[in-house]
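Assemble the whole structure, with the sequences as input and the hints as a guide.
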Amino acid sequence: MANTQFSDTIHVLVYIAYFKGKKMTSQEIASSLETSPSLIRKIMANLKHSQLLAPTHGPTQLALARDPADITLRDVYAILPGQQPLLNVDHHTSDNCPIGIVMPQILTHYYSEIQAAAEAKMAKITLQDILNDATLLQRIAD
7 MANTQFSDTI HVLVYIAYFK GKKMTSQEIA SSLETSPSLI RKIMANLKHS QLLAPTHGPT
67 QLALARDPAD ITLRDVYAIL PGQQPLLNVD HHTSDNCPIG IVMPQILTHY YSEIQAAAEA
127 KMAKITLQDI LNDATLLQRI AD
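Under the numbering used here, the first residue of the sequence shown carries the number 7, and numbering increases by one thereafter.
All clues stand as given, with none of them false.
Simulated pairs of lysine-lysine, DSSO-like, Cα-Cα distance not exceeding 27 Å:
| no. | residue 1 | residue 2 |
| --- | --- | --- |
| 1 | K48 | K26 |
| 2 | K130 | K26 |
| 3 | K54 | K130 |
| 4 | K54 | K127 |
| 5 | K48 | K28 |
Just so you know, the hints here were simulated from the structure itself, not pulled from any lab data.
This structure is a prediction, so every number in the text was calculated from the model and none was measured.
Pasting the structure below:
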């Protein structure tokens, strides 16, 4: 199963930005993600620890620590617990095969380039971009 913590963390941040100034609970955010409130609380604890979520005065007063235009997807990706590369090489290949022996080294090189390109693109996409898209799609749906 794919790891969705990047997507879920972005979702939480955009939800908080979208409903800025309104009281919100982990239960309400969890219902948007169709997940448990405990997972939302874990995500929010990591966001607070990483200083992307502002310290709160009460459990329902949530706010971003910075303007959404100043938080990039790269910022979010960088704070994920147990952050893994986007692509992983299978190193369990045969040393007795001319392809099996070299494939991990070759793919590691290319995957590193792909990772760098993806992170460079993430650095150009802000939460404000995603918030704008969400607002636009809401207007179109209405």
